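The task is simple: from the sequences and hints, build the whole structure.
There are 2 protein chains.
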Amino acid sequence: MQVTKVALIGMGTVGTGVARLLIDHGDRTARHAGRTLWVESVVVSDLQKPRDFELPRGLLTNDLSRVLQNGEVKLAAMLIGGIEPARTITLQLLESGKDIVTANKLLLAEHGPELFDRARELGRSIAFDASVMGGIPIITNIGQCFSANQILSLRGILNGTTNFIVSQMEEQDADYAAALKEAQRLGYAEPDPTMDVSGGDAAQKLAILAHLAFGARVHWREIPCVGIDTLDSADMRYAKELGYRIKLIAVAQLHDGTRSVPTTSGALELHVTPTLVKIGTPLAEVRGAFNALQVVGDAVGPVFFHGLGAGQMPTASAVVADMIDTAVGRTGITFRTLNLWSQDEARVKTLDHKQLPGRYYLRFTVEDRPGVLAEIAGLLGKHQISIASVIQHEPSGDGAGRVVPLVIMTQQAKEGAAQTAVAEIDRLKCVRAGSVRMRVLD
Amino acid sequence: MQVTKVALIGMGTVGTGVARLLIDHGDRTARHAGRTLWVESVVVSDLQKPRDFELPRGLLTNDLSRVLQNGEVKLAAMLIGGIEPARTITLQLLESGKDIVTANKLLLAEHGPELFDRARELGRSIAFDASVMGGIPIITNIGQCFSANQILSLRGILNGTTNFIVSQMEEQDADYAAALKEAQRLGYAEPDPTMDVSGGDAAQKLAILAHLAFGARVHWREIPCVGIDTLDSADMRYAKELGYRIKLIAVAQLHDGTRSVPTTSGALELHVTPTLVKIGTPLAEVRGAFNALQVVGDAVGPVFFHGLGAGQMPTASAVVADMIDTAVGRTGITFRTLNLWSQDEARVKTLDHKQLPGRYYLRFTVEDRPGVLAEIAGLLGKHQISIASVIQHEPSGDGAGRVVPLVIMTQQAKEGAAQTAVAEIDRLKCVRAGSVRMRVLD
Chain Y
1 MQVTKVALIG MGTVGTGVAR LLIDHGDRTA RHAGRTLWVE SVVVSDLQKP
51 RDFELPRGLL TNDLSRVLQN GEVKLAAMLI GGIEPARTIT LQLLESGKDI
101 VTANKLLLAE HGPELFDRAR ELGRSIAFDA SVMGGIPIIT NIGQCFSANQ
151 ILSLRGILNG TTNFIVSQME EQDADYAAAL KEAQRLGYAE PDPTMDVSGG
201 DAAQKLAILA HLAFGARVHW REIPCVGIDT LDSADMRYAK ELGYRIKLIA
251 VAQLHDGTRS VPTTSGALEL HVTPTLVKIG TPLAEVRGAF NALQVVGDAV
301 GPVFFHGLGA GQMPTASAVV ADMIDTAVGR TGITFRTLNL WSQDEARVKT
351 LDHKQLPGRY YLRFTVEDRP GVLAEIAGLL GKHQISIASV IQHEPSGDGA
401 GRVVPLVIMT QQAKEGAAQT AVAEIDRLKC VRAGSVRMRV LD
Chain U
1 MQVTKVALIG MGTVGTGVAR LLIDHGDRTA RHAGRTLWVE SVVVSDLQKP
51 RDFELPRGLL TNDLSRVLQN GEVKLAAMLI GGIEPARTIT LQLLESGKDI
101 VTANKLLLAE HGPELFDRAR ELGRSIAFDA SVMGGIPIIT NIGQCFSANQ
151 ILSLRGILNG TTNFIVSQME EQDADYAAAL KEAQRLGYAE PDPTMDVSGG
201 DAAQKLAILA HLAFGARVHW REIPCVGIDT LDSADMRYAK ELGYRIKLIA
251 VAQLHDGTRS VPTTSGALEL HVTPTLVKIG TPLAEVRGAF NALQVVGDAV
301 GPVFFHGLGA GQMPTASAVV ADMIDTAVGR TGITFRTLNL WSQDEARVKT
351 LDHKQLPGRY YLRFTVEDRP GVLAEIAGLL GKHQISIASV IQHEPSGDGA
401 GRVVPLVIMT QQAKEGAAQT AVAEIDRLKC VRAGSVRMRV LD
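Protein chains in written order, with this note's numbering: chain Y, 1 to 442; chain U, 1 to 442.
Just so you know, not all the hints are guaranteed correct.
Since copy identity is lost for identical chains, a pair holds within one copy or between any two.
Said to hold, decoys possible - Calculated pairs, SDA-like style, for lysine to any residue (alpha carbon to alpha carbon, straight line, at most 20 Å):
1) 349 - 28
2) 74 - 333
3) 5 - 23
4) 354 - 414
5) 349 - 31
6) 382 - 430
7) 429 - 81
8) 181 - 118
9) 240 - 285
10) 5 - 24
11) 354 - 190
12) 240 - 390
13) 354 - 172
14) 414 - 435
Please keep in mind that the hints were generated in silico from the structure rather than gathered at the bench.
Predicted model only: the values in this text are computed from it and were never measured.
Structure (structure tokens):
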């Protein structure tokens, strides 16, 4: 049987999972690849660090040059996170003739064009299915399986940590701080959870998916993004009363700009934001640390994917599948065909976010006195925003100066108009606290 | 740009969709394939038949030899249903040097080994993602994306027609005949719906999936199979009361034979049967003509796919994706690597169906008199079947000789024991009609 010699760079959580699959289950990989993937070296920075998978003797090294100078190693899995030294090592590996498989989404989101151009110049390939949605093979599905389609829309839950937190808030009626603490206790959230809870991680993934599906060239920091760290569990309860759940939803869809319905051409709607999703629809039923994505293609219609978007073995599953694809030659073909992150112009323009149509959930904290609803409805009307439904419950305290929550679901309105109207309402004397505004997925 | 000349054999529903994608959207295909797929000929049996897509002049022919003798045509999409002449034409195409893309699942289920062996002898390939679950690219996902995994289990709704019918029965409280009529009126069911409603279509797909995922070599007629044509909407109501929906579920999972939980080794549990699925789990929420599959891999965990399993454009999407894969060379690699339907021995044994563990839903039609429950419970106990819950409602009629439905959910029991126990119960004097027995998905 043919042998492809491979190297692993990095042996953290994912690297350990990859080593486990390649070494403990080599027979299975050989059967599915028609060849043996032979782990020649595993490069780490600290040789002394305790590891929970014992490598065969002689594999572990802190000397990258052992890989760079070994011409028999044709393929390296780059499993170091962050930008540097990951970027420099990736370039060195490419220059020494290795094809690359990586799970490093930040590296691609920041340096995709540079790395892909260099790989093309050198006749090498980069596979990256593990970098987005872990075990869900969404890169292969969009880049290969749906290639007969114009993708119309991607709507997804791309970050398991935040989905765990919002699920906790909803199911346990917990506040954000308590739900975050629980997520940290269970290892779903990092000690510093900023990149997850700010929506940044989801925006990085969305930037990669939008590039692949639509030819968009948008840096993730340019994607309008609202995190979950200011979510109030009160809004979860009101949403439920209205038949919705709140999820951190990433959206990329083609748009004619008039209604929030995807079309085959137009500009690209692109954002990550807490969104009300109708209970009973697939995205609303995604619980805990799971990821999900609904892809709509003009031929295939809606296809929904649901699975574990992170974690040691799901991510390792994607890395090893990419390693097999690279070893047998499929990746090279796909890489040359799709010409990703090339100097080609973007194939799509981004829709001006202020012009984005959509329905909104609004919550105002207002004085409990006559005329308040009229005043607020008047300001919404001034900005052409129609009201679809209102919830106002009996106030809980009593006496003068009581405040009550006023929840309004709007009809279709423009993002800019909704933003301006809410800012104006927030300046009314009868409004006693900052208002809440969230998009509603139709 | 490079050109790959292709031929379409058959221009029924799917063929028309494929022609539409390749001819109306050639630019898109070219972008995703890095080359033009040029339709050289479309072979049909009846040139005069009216068609709802107008082909460019000179493409349509009833002369297969125009394709067979054209050495420039490297790829043919075989879009004729049934066994003959599809089988003979496929062999002729292979022998004249064409790679094949097909949506003909029956042909593969019956003649897979012959066709794949011949393709291998001739150095050609056969791609067949369109033959199972239409637009859901499940063949590529299992054969390529999950190749780092031992697949533990496949559980799915593989037939949209039957899922539409059972959804109608449940949602409209309709009986089977009325729901079938509605499915026929809307074009979801054929005038002769036998292959769908008997479960045969789902069994053919399951045989292909079990071969791909587990190396099983089981003819679809050997798969234990119960259709939906004897379903009673009363059972839908009782199931709902217990928190379940009834779906036609296809299962292939590895098993140690003791509990209905998948394992990494053992024998293969394989069947298609109406099954109670817990409300709120993904499979229970699949409505209408949709298909869905839950794949569990030992590394990736559970991944769930949901989409349109049939229909003109979803199936055409899969055919054209396979044509692109074949034209660029990915299919050839996969075909050689996976060595499907070869003379290799089966890698897995099928579990003796009588030894299959599982929980059961049982409904008996019994006399409304004291002692009946005891008698039935006694017979179940004799066969080591424990009762988990019972529903017995007030009888609706009155007087002597009244019959009432008695619904029992069991604990884990063996299929054979459940079958024998029900047969014995059916012979009791207090039981007045044939009993109902369905598996419950845990």
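Cross-check of the supplied hints:
no. : hint      : in the structure
1   : 349 - 28  : between (45 Å within a copy, 18 Å between copies)
2   : 74 - 333  : both (16 Å within a copy, 18 Å between copies)
3   : 5 - 23    : within (12 Å within a copy, 43 Å between copies)
4   : 354 - 414 : within (7 Å within a copy, 62 Å between copies)
5   : 349 - 31  : between (44 Å within a copy, 18 Å between copies)
6   : 382 - 430 : within (18 Å within a copy, 74 Å between copies)
7   : 429 - 81  : neither (50 Å within a copy, 72 Å between copies)
8   : 181 - 118 : neither (42 Å within a copy, 60 Å between copies)
9   : 240 - 285 : both (13 Å within a copy, 19 Å between copies)
10  : 5 - 24    : within (16 Å within a copy, 45 Å between copies)
11  : 354 - 190 : neither (33 Å within a copy, 49 Å between copies)
12  : 240 - 390 : within (14 Å within a copy, 33 Å between copies)
13  : 354 - 172 : neither (35 Å within a copy, 43 Å between copies)
14  : 414 - 435 : within (18 Å within a copy, 59 Å between copies)
Hints 7, 8, 11 and 13, counting from the list given before, are not met by this structure.
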